[in-house]
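Asks: Same order as they appear, the protein sequences are chains U and B.
Just so it is clear: in the first sequence, position 171 is 171 by the working numbering, and no numbers are missing.
Quick note: to get the working numbering, add 1000 to the position in the second sequence (first position is 1).
Simulated from the structure, these hints should not be mistaken for lab results.
The C-beta atom is built at its ideal place from N, Cα and C for all residues, glycine as well.
Be a bit skeptical, because a hint or two may be false.
[Unchecked claim] Pair ranges (Cβ atoms, derived):
| no. | chain 1 | residue 1 | chain 2 | residue 2 | range |
| --- | --- | --- | --- | --- | --- |
| 1 | B | G1231 | U | I9 | 56 to 64 Å |
| 2 | U | D10 | B | R1321 | 15 to 23 Å |
| 3 | U | K132 | B | R1248 | 52 to 60 Å |
| 4 | U | G367 | B | F1188 | 55 to 63 Å |
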Amino acid sequence: MTERKKSFIDRIWDLFASIKLAAVLFLLIALSSIVGTVIEQGGEPEKNMMLLKRLFGDSLAPSAYRFFETLGFMDMYRSWWFVALLALFSANLIICSLDRLPRIWRLVREPLKPLTPLMAGTVPIRKNVHLKGAPEAVREKLVRALKSLGFRAHDSAMEEGGYQLYSQKGRYSRFGVYLTHLSIIVIMLGAVVGIFFGFKGYLPIQEGYASDIAYAGDDTEHKLGFTIRCDDFDVEFYDMSDMPKVYRSRLTVIRDGKEVLKKVVEVNSPLRYGGYTFYQSNYGMVPDAQGYFILKIRGSSGKAVTVNRMLGESFVIPGTEIVGTIKDFSPALAMDNSGKTFTYSDMMNNPAVYIDFSEGGKEKYAGWILRRFPATWRLPDGYMVEFVDYWGVQYTGLQVRKDPGVWLVYLGSGIMTLGLYIAFFMSHRRIWILVRREGTFSEVTVLATASKNRPSFERKIERFIAGLSGGADG
Amino acid sequence: MDSSVLFGIATIGYMLSMVAYITYLVFRKGQIGVVATGITVASFVAQTAAFLMRWVEGYEMGLRSFWRPPISNLYESLIFFVWCLILGYLIIEFKYRNRSFGAFITPVAGLALAFIEMTGMSKEIQPLMPALQSNWLLAHVTMSFIAYAAFGLSFGTALMYLIEKTEKRSEPAYIFWTVSLGALIVLFAAMGLDFIKYHVLATNSEVIKSYLFRATFKSASAAVSLASWIGSVVIIALVWRYGYLLKRIVAAFSITTDLLDELTYKTIAVGFPIFTLGGLIFGAIWADQAWGVYWSWDPKETWSLITWFVYAFYLHARLMRGWKGRKVAVVAVVGFVTVVFTYLGVNLLLSGLHSYGTLG
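Make the full structure from the sequences, and use the hints.
Replies: Rendered as structure tokens:
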């Protein structure tokens, strides 16, 4: 009974160790993935229905939709069968590696032996050369030449005063493939840890506000254990265009009432704290929010002062009697052909503030001051009113992530890089040099194998031999 | 002189070298071969100079930082692809001391550059949006294109192998390569027609997407659409019917099929690790840095993974199962078809996060 059971397990083992299963899984994963890239994943049903109508016609589309939906194709990368395919793929990878590893291990661990005549027939690279002098006289030279090739020579005597030098290099390169396989498993493990123990969410914060909760995809609240405050959000544009250059959030981390960290978050430069990472994701204007106009004013003294005012409030230009009153604001001011101004966007693409200036109750001048155009900051009298920011009306949208598995993914990536390098660019090379006496000469036969890129090793050996005979003549 | 003049010189140079290589094949004169190589090297130098100049131009215009080479939109990336292709070819020529392959690669380079000119896609140096300002992305894009070029070379050698090795029109391998080649010709011809007809409007990706195949398959006129379908079937059928004629041309290259098989393997063996590291790993790291998701199964990522699986299949079939010749050559061709789809198909046909490599 144990016999039968074992053979059953053996059969399963053989199945999973087979490259055929790997090929079938490659194919299944690739083909099903293609379907997943055509049908929008987690998309709106109407959109996918439209797509199916185009592919199958109006009458067949509803049944096609039901068919794909039942099979989980609308969210297929999370469907049970796709996950099962990935699991089978991992099992296949592990078992086929384990199956082959002992043999490779033996091959690597076994010390290289001198070549027997029987084995010599199977060695692919074979070169001959005659050198002046008895075998013993050329030994030193051969050892030196081998050393310059990077091989440390082992010695073994043969009959009639002949001998054999042999050596190997890069035997551990045979593990490159298995290292690559291992790396895939490590990456998958990292992904699994991330799925089970990670958190993915969203956190919008208005300028000047703080939050200690983030929101998961289904809007459930998630306690962070600390507080994030948004001190400022700002978009920087390329000169004279609406092409954004930098999205910038100034964030402060507060723990137990104390500020513990300040960081400027940009796309590609997230904030990391307490196991969480905060990414710049989006931004927007808070509807009906009232903020502060931050103005930098240079009066008659030439020294600049900064004031904060709300819409409708006034300020005095220092050293003068001139009073400025904030009348209007536009997040994105533009001018049409007739010189009339209008607002072209809800976002702060070109913020402008309209200020009335008066002296002793008498109106002096009024006009738009644009944040992005310093020429508009200068008043007719030579004073300056710089529009620094309209603060408190924007929010920054942060992507929040906690992924305790991500380091495994990075580790796996590192192992994969190393494994591929070894597997593709390193080679297990073995060399035997047989030396026999032939009159006053020595007959030198070089035999060699390489697990990869044999021609290049062959060329090296040709150069090696050329070097030997060249030295013998001179 | 600005970079576009030098790009023009390189384009003409590759066309000339194509003529020189073919003349060399016909007359078998060593001097002609040297001239062909000389023109190719000179054009390559011109293209390299143009690339560097465009880099400096972008920096001087204040649109890009000094550390951003010009590989950020479709125009620049196609040009970089051609550059990598020629570099790869020159390496092969010097390593294997065989010029015949040049007659096959230089036309690809010349036509690709001419195609870029003809389509009138935007050559403007554009500023980079925030998500694209990343060194990981830079490494990702650069290495992806080096890998694409290596895969492109493997496609060329695998196709030549199949052309030489197939005899009968009923053979599956023959049907496979003629239909694949025919379909690629149809695809590029249809896109070429779109661009010729609508290039004035080709300003951004959404426009391109909506105009894709409008001149042919999706034309408002049912007659044009029907004619396009019939035309493509005819083109594919013609390639199938007369594909064997290509055999004579390939035979004139006098490259042994063993060398073709080896070159296919070699180029894939170079492309695969670079693609894994640059295309998949660096891409994942960039996505992780920019959005906090290292893998999101968006169409571009998924298609890169499919490409990776196809080439992994090639390597396992060859190294583990000892597949050689025809069977693996078919896999290599399939691999490059997925590469083309990953680059062009996903951008133009499928939507996703990666809407950057557009014609904008």
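Asks: I'd like to know which numbered hints this structure contradicts. Please list them from smallest to largest.
Replies: none
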